[in-house]
Each structure stands twice: as structure tokens, then as C-alpha cells.
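A.B. asks: Sequences listed follow chains A and B, in order.
All the letters of the first sequence, read from the start, carry residue numbers 0 to 582 under numbering that gives the first Met the number 0.
All the letters of the second sequence, read from the start, carry residue numbers 0 to 78 under numbering that gives the first Met the number 0.
The hints are simulated quantities; they were obtained by calculation from the structure and are not laboratory data.
Where a beta carbon is used, it is the ideal one built from N, C-alpha and C, also for glycine.
Don't take each hint at face value.
Stated by the list, open to error - In silico DSS-like cross-links for lysine-lysine, where the CA-CA straight-line distance does not exceed 30 Å:
#1 B/K8 <-> A/K86
#2 A/K558 <-> B/K50
#3 A/K4 <-> B/K65
#4 B/K59 <-> A/K86
#5 B/K8 <-> B/K50
What the hints assert, rightly or not - Partial list, computed: chain A residues near chain B (C-beta under 8 Å):
#6 M0
#7 K4
#8 T29
#9 Q32
#10 N190
#11 I201
#12 H251
#13 I255
#14 I349
#15 F472
#16 G476
Here is how the chains run, residue by residue.
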Amino acid sequence: MHTFKELKRSAKESLPDSVKSIRCALVGDTATQFLALALRGEARLRNLSVDLFEAEYNQVELQLLTPSSELFEHNPQFVILFQSTHKLLEHHALMDVEGQKRLAEERVGLIQDILSQPSMQGRKLLCYNYPEIDDAVFGNYASHVESSFLFQTRKLNYELMLLSQRHPELVVVDLASLQSAIGRERMFSPNVYMSTEMVLSIDSLPAIASRTVDAIAACTGSFKKCLILDLDNTMWGGVIGDDGLEGIQLGHGLGIGKAFTEFQQWVKKLRQRGIIICVASKNDDAVAREPFERHPEMVLRLEDIAVFQANWETKVDNIRTIQSILNISFDSMVFLDDNPFERSIVRENIPGITVPELPDDPALYLEYLYSLNLFETASYSTADKDRTKQYQVEAERVSLSRTFTNEDDFLKSLTMESVVSGFTAFNTPRVAQLSQRSNQFNLRTVRYSEADITSFAADNNIIDLAFTLKDKFGDNGLIAVVIMRALDSETLFVDTWFMSCRVLKRGMENFTLNTMVERARMGGYKRIIGEYLPTAKNAMVREHYPSLGFDAVEGEDGKYILDVTNYQPRHCHIAAITAYENT
Amino acid sequence: MERSAIFEKLNDIFCDVLDLDEVTLDEATSADDIDEWDSLSHIQLIVAIEKGFGIKFSSKEIITWKNVGQMVDSIAAKL
Chain A
0 MHTFKELKRS AKESLPDSVK SIRCALVGDT ATQFLALALR GEARLRNLSV
50 DLFEAEYNQV ELQLLTPSSE LFEHNPQFVI LFQSTHKLLE HHALMDVEGQ
100 KRLAEERVGL IQDILSQPSM QGRKLLCYNY PEIDDAVFGN YASHVESSFL
150 FQTRKLNYEL MLLSQRHPEL VVVDLASLQS AIGRERMFSP NVYMSTEMVL
200 SIDSLPAIAS RTVDAIAACT GSFKKCLILD LDNTMWGGVI GDDGLEGIQL
250 GHGLGIGKAF TEFQQWVKKL RQRGIIICVA SKNDDAVARE PFERHPEMVL
300 RLEDIAVFQA NWETKVDNIR TIQSILNISF DSMVFLDDNP FERSIVRENI
350 PGITVPELPD DPALYLEYLY SLNLFETASY STADKDRTKQ YQVEAERVSL
400 SRTFTNEDDF LKSLTMESVV SGFTAFNTPR VAQLSQRSNQ FNLRTVRYSE
450 ADITSFAADN NIIDLAFTLK DKFGDNGLIA VVIMRALDSE TLFVDTWFMS
500 CRVLKRGMEN FTLNTMVERA RMGGYKRIIG EYLPTAKNAM VREHYPSLGF
550 DAVEGEDGKY ILDVTNYQPR HCHIAAITAY ENT
Chain B
0 MERSAIFEKL NDIFCDVLDL DEVTLDEATS ADDIDEWDSL SHIQLIVAIE
50 KGFGIKFSSK EIITWKNVGQ MVDSIAAKL
């Protein structure tokens, strides 16, 4: 965590113009200058360029309920709303008992009104929840009294969570849990508040800014997908090669085994959430696997581990191997190791990877890891749960491909099938999620929400295509999406084309284009125009369109055109299973 | 702590918080004399001084200081 002073300093530095800026607006019911400064600084330290509009003090309703307000003129992607518990308490004090009973409802109503403004369309609302103030008017009895401040604050925080489940565009930034972690005394300085209207202490601002920028980063597609773990003294206490199966500390018996059991329970939950868990350990493979197979207190089992690398090569090499199997970028990986030496080598040799400085005492691992909020996400779908299996299958596939000398024979042997469909209620969450997270194989990197995807499905000017891919090893699920928009009766523009990197080099690009052309012909279109918009991460598809036979459009950088009438289907070994009936 | 020692320590804190290379505070120095000392950095100064000396100011003290001399009075009274 940075200090406020560091944030203030970095807030003054600007990033090169080539970094695309994220438009944000901040509005609050108390003084927010320091919060704004901290947000700018934190974003800058993460190399995010944030263009932040700061509304004047106490203009929440004016700015957010007026379509022509300065705030909306700034056209923010993210509206950050800070409403303090202090003002809420004041509001509560001015009400009669009947009003107090409806305080939470009334406040949630305001958020609902804001969300339903047409001017909020396409924007995210980042709304801080309310750290508790126990005014001790009722003491412990507050829980019995609906009109008590504590009852209403807790109800409000709960209702905000429910509201966010109905409105994907609402992100609740959890100040309440932050206050639980750092304490009210550190969160709030009464003496400073008196002269300034600042309810967030300088000491708490770095943590608050970090938590906020976590949410913004996740919504813009930057988040962690994979956790790579060392074994000895990280996963269990002791050294399996020396101490043996009975000697390692794990579970409620030996030494500090409890610390490692609880750590593993946390990792298991991450696995269930969809984080890919991998192992990188300096050990003999069989020795390293033994606890996973035979130790009764192990929480994690081999089926939880997507890629298991135990050998005597360097951690750097093993992490690179893991990366080549998973095909995700290093900056979406976290590496945990108790050994400071290994951490430093990994950090130096693998740019982008996150390597937390684990405390010396394993008892402190979890509290420390909680405080980092490493696994912020902007979406969650049940398909995430199956990912470990898919990556295990991919590791098998990689080893099979080594036995084929001819790539074409290998692809043929996979007996691949793809289900092609439009966007449906069933696949919309997954399509939106992929839209948020695909960085590398993504031609234009336009992010769409579930609401956007639903509206495309109903739009007659749009051809929406979702592709799955299955082979003899298993089902990859939904892996590619194309959105084509009609510019006129003869021309389609490829607004979106992205694909999961898991299915690279399978001929899926050819199959996708064959399908696109077929659909274009059915609609009577004559040409397809594609566009490549470069980002820091999508260089792999720079030559995508030319390599598929598109011609560059003269005078328009990054645009390519394909004549549909003369198109010859491209070679691939994927059988189509068509499932679309709508559009 | 000697009054001069308090001044010396304050010089360091001011430099650190306001990003100044050097500053010489005296009894009469006020926010008018230092460009970087505005209402926002004033709050940072208070927090940094509280930490530096291991003391807490009352809210009344924070709004009544007219110059560094009075600030030093508050600090000295708490040490």
C-alpha cells in the first residue's frame, strides 16, 4: 500500500498520450478533494490514465439527476458516488420515527433513480457503501428497533448488495468492510473533520483509493485469473522431501498446520470461483504429488490443480511453461512463495506478474492476502467453475500434439465440433464476461455488458454469433464471439471479434470467418469490413485480417475489407452444429 | 524539548509534506508566506505533525492558529 504522500506526488505525473484514458467523475456529499487526489495517484501508479471530473461539493442530486449536468457533459464511463455515514446520521436525526424506519429504503430509492436515468446508460455507477457509526442511542438493543441508526445503516448496506444483483452496472465499493479491517479510529479523524468536512482520514485514503481503482481496473478488463503456488512452507509447513508425508505440518495436529489448512481452504474457494490454480515447486514430481493424493488433511487435491509443475528447473522456467499452456498474460498471474529469494527472481524475470511479499510467519498469510484484494472481478458465471478441467485437458492436448509431426493430422485427430448460435438468455452472461476479459485475441476491445448483449440479440441490424468448441478431450464451452453491424444493405462492419486464447491454432479463426461469410450471404450482404484497434495487449491479432484474405482499405489505417461474393471457404477441421433460430 | 528543536523538526516536516527543498520557519511564519501551504496541505501538515511528535491536536487548536509560533505553543504544551 502506498502512502498518501506518494499518491499525491504521482497524481501530478501524467502518462504518455498513447495510453487510453478512462473517463471518471466523482461526486460526494462531503469534501472529496483528497479522495480525488488519492484516486488519481493510485491510478497513475498502476499505469492507468484516469481523466477525472470532480463535481462541486454536495451536488449529488443536481449532477446525477440532471441529464445536462457538467458531470454528464464530461461523459464518464465511471461515476463514483461517495455519500458519507455522517450525512446519513444527520439526515436520520432530522426525521421522525416513521421517517427513520424508511431511511434505508429512501436512500436506496435515490440510487435506483440515478440508475434509471437515461443519461446513466452505458456508464457504471461505483457507489461506496456506509461504514457503520454506532451512535449508541439504543446500545445492543438497536437490533430490536427498526428506526435505530445502526439498524438502518446495516439494512442500507444489505439493500445496496441486493440492488447490485439486479443492476450489473452498479458496483458497490465496500468501505464498510474496509473499516472493519483497519478500524474506525484510522478511518475517521474527528479533529480534522471539524474544520474541513473531510470524513475520510488521510491515513485511510490510500486503502480506499486502492479498493476503488481495483473495481475500475476489473471493469476495464484488467484482473487476475491465475494463482501459482509454491509447495513447501507455502502450501504446508515443512519440506515434504525431508520431513515426509507424516512430518509436514497440516491440519489440526502438528505445529502450525492450522495456518496452512485455512490457507488451502481460501485457495479452494478461489478455485471454485474460477481462478486457475497451478503449482510450481522444486521437488521430485512423485514426492510433490504425494500429499495431494494421500494426506488426509489436504484440502486441495490434484483435481483442483490445472497445471502441476514439480521438477528441478527454475521457478521462472516453470511459470513460463504454465503461461504457455494457459495462454494468459503474465499480468493476470499471482505467484505465492514463502522464499524471498525465489520471489525476487520471479519478479525480476517475469514482468507484469504479481508477487506478494508474504509475511515470514505463515499465521499472517491470510490476513495479509485479504488486505491486498488481489482477485477483484467484474463478473462471475457458473461456467468459471469448469475451467480447471479445461486447462487440465489442455495440458494433455499439449502433450499429444508433441507426438504428431504434422499439425493438420493432429487437428484432424481432435474431431472438433462447434455449436454456432446467436446471443440467447442462456449464453448472454458468458458472452458479456468474455467481452470483459478478452484482451489478446480481441480486434477492437470494445467491452459490453449483459444489457448491451441482450439488446444486440434483438437488433435486426446486427448479426450476433457465439461459438463453442468441443473436441475428443472435452468441451471448451463458449470461446468466440462475433458482432457484425449493417452499415448499409450491402456492407457489414465487424464491431466485435474476440476469442479465448485457449483455442488458438485450431483453425477456429477460419471456421469463424466461414460462418460469418455464410451469414452475410444469407442476409444479401456483399462485403465485410473489419478493423484492428491496437491496445497494449492485442498485438497477436495485428495481422489477423490480412492473414484471412482481407484487403487493406486505402487511406483508412487498420481497416480491412473482404468481398463476400468471391469468398472460398477456408480450410479447417471443425464440424458446424448450427443452433440459431432467431435474428 | 527545546523550542528551537521543535522548530527544527517542523522544518523537516514542512519540507517533506510540501515537497520543499528547504524552509526556515519562525514564530511569525504563516500560510501567506509559503505558496504550497494551502487549506489542503494544511490538513496533511496537521496529520504529519501529530505523527511526528506523537501527539493529537484538539479541533479548536487546528482552527485557531494564526502562525507557526502558536502551532509550536500547542506542540510544546503537549510534550
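A.B. asks: Which hints, by number, does the structure contradict?
C.D. replies: Hints 1, 2, 6, 8, 12, 13, 14, 15, 16 not satisfied by this model.
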